[in-house]
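Next come the chains, spelled out residue by residue.
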Amino acid sequence: MPAVTLVIGTKKGLFLAESPDRKSKWNITGPMMKGWEIYGVTPDPRHGRRLYAAVGSFVYGSTIHVSDDAGRTWRQLENNPRYPEDAGFQVKQIWTVVPGRADEPDVLYAGVDEGGLFISRDSGTSWQEVKSLNHDPSRVEWQAGAGGLCCHTIMPDPKRKERLYAAISAVGLFRSDDGGETWASKNEGIPQPAPSPKYKYIGWCPHKLVFDVADSNCLMRQDHMGVFRSRNAGDSWERIETGLSSGFGFPIAADPRTGSYFVIPLEKDEYRYCPDGALRVYRTRDGGDSWQALTKGLPQTDAFTGALRDAMAVDGLDPCGVYFGTTSGQLYASADGGDSWRQIPGALPRILSVTAVAG
Amino acid sequence: MARAAAKVAVTVALPSMLWPVMDGRKELVIEAAMLDELFAEIKSRHPRLHTHLFTERGHLRTHVLILLEGMNVRWLDDWSAPFDAPKQVTILQAVSGG
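Line by line, the protein sequences are chains R and Z.
FYI, in the numbering used here the residues of the first sequence are 1 to 359.
FYI, in the numbering used here the residues of the second sequence are 1 to 98.
Bound-form chain R, shown alone:
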């Protein structure tokens, strides 16, 4: 059994990269789901080696696929998140499938474009719209971001049963404290890139969020407008960019053992590739107070590429393995918490997501 399996979602299929030691040799297999866009792959540790994948096509629409063998074989769910006819909008793309808490083994959440949240209480056999969020009065002024009007990040609070976060691109981060019955906008302290004339509580653009590894009241947020931290469950946010080459970027990942966080800065939203042609991952070991550039083994010249919000992962081993894939189809791995990197050989299609499965 490999030490780590990377499940790589690309614009043209799904690949696996496996290594016995995370260092010397990586074996790539694929593509599976050839030609399909693999938006997000999420482990479901409640059910062994289960993974869910959000799979889409410009031509054939979007569905959810499930694997019970860490990505080696997949089957499409028969029923998928779909809006009712009177909703006024449709599911263009499923972005993410997220398992519920450990004590609710049949609960799944799905985030979609056109901006919405769905829940399944029977492991994906059926799906219900979370109308309280999807039909918020402000929806009349929701505007799609560059990637679409997507609910891309869903985070059930592991410590508080009724608390749930949902992030919608170009709309904002929302938090529910009653299991999804009601929602509140949680974006104070962050500049608004897309203010709404009437509904003042929308118009932010969260890119990706992670919980603090020890305290779920603390969140780290890679936003369109920079990198931020909240110590009060999103009630307020503070900018944490000391040492970063840029505050703009997409992915953010957390090492559960050391509490380190990783981001990949890009040069502003107009360009979206590495500042100065240097591919750098940044790490903070003090909760975001300062960031250090990680460059050993990463190209520091003529590297005009970037990484998308779901294209970075950690494996949770000791030392932590960190992995990311670029918009140019390159895949990089670190087996030492980011101190050094190597490119996994291969030229893949545009990488949309990277998921690490240990063992």
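Hints are not guaranteed to be accurate.
Keeping only pairs whose Cα atoms sit at most 30 Å apart, straight-line, the calculated DSS-like set for lysine-lysine is [to be verified]:
1) R:K25 to R:K11
2) Z:K26 to R:K92
3) R:K12 to Z:K43
4) Z:K87 to Z:K7
5) Z:K26 to R:K11
6) R:K92 to R:K11
7) Z:K7 to R:K34
8) R:K23 to R:K34
9) R:K131 to Z:K43
10) R:K34 to Z:K26
11) R:K200 to R:K268
12) Z:K26 to Z:K43
13) Z:K43 to R:K92
14) R:K23 to R:K11
15) Z:K43 to R:K11
16) R:K131 to R:K92
17) R:K268 to R:K11
18) R:K34 to R:K92
19) R:K12 to Z:K26
20) R:K25 to R:K12
Just so you know, the hints here were simulated from the structure itself, not pulled from any lab data.
Following the hints, complete the assembly by docking chain Z onto the known chain R.
Relative to the frame of chain R, chain Z by itself:
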């Protein structure tokens, strides 16, 4: 009372991207008397396939091309016209899909 139209064998050829949806099958044979019934049968018997051909509103997906004996079904006036003989249906990705 008019007699119901007789069902015929309709061979449906699938595009390669949809073979995995049907466990690797490249074509299906479905008994149907007309196009409407063919699509209803696909929805009933093969919902995993149907969702890739039709939107949640029941409209044929914009970039899906379905040919009935070589004719684009979008140009047919009547999807309830009875079939007169076994038919060949081909599903393709339209050029508009890139």
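Can you name, in rising order, the numbers of the hints this structure does not satisfy? 7
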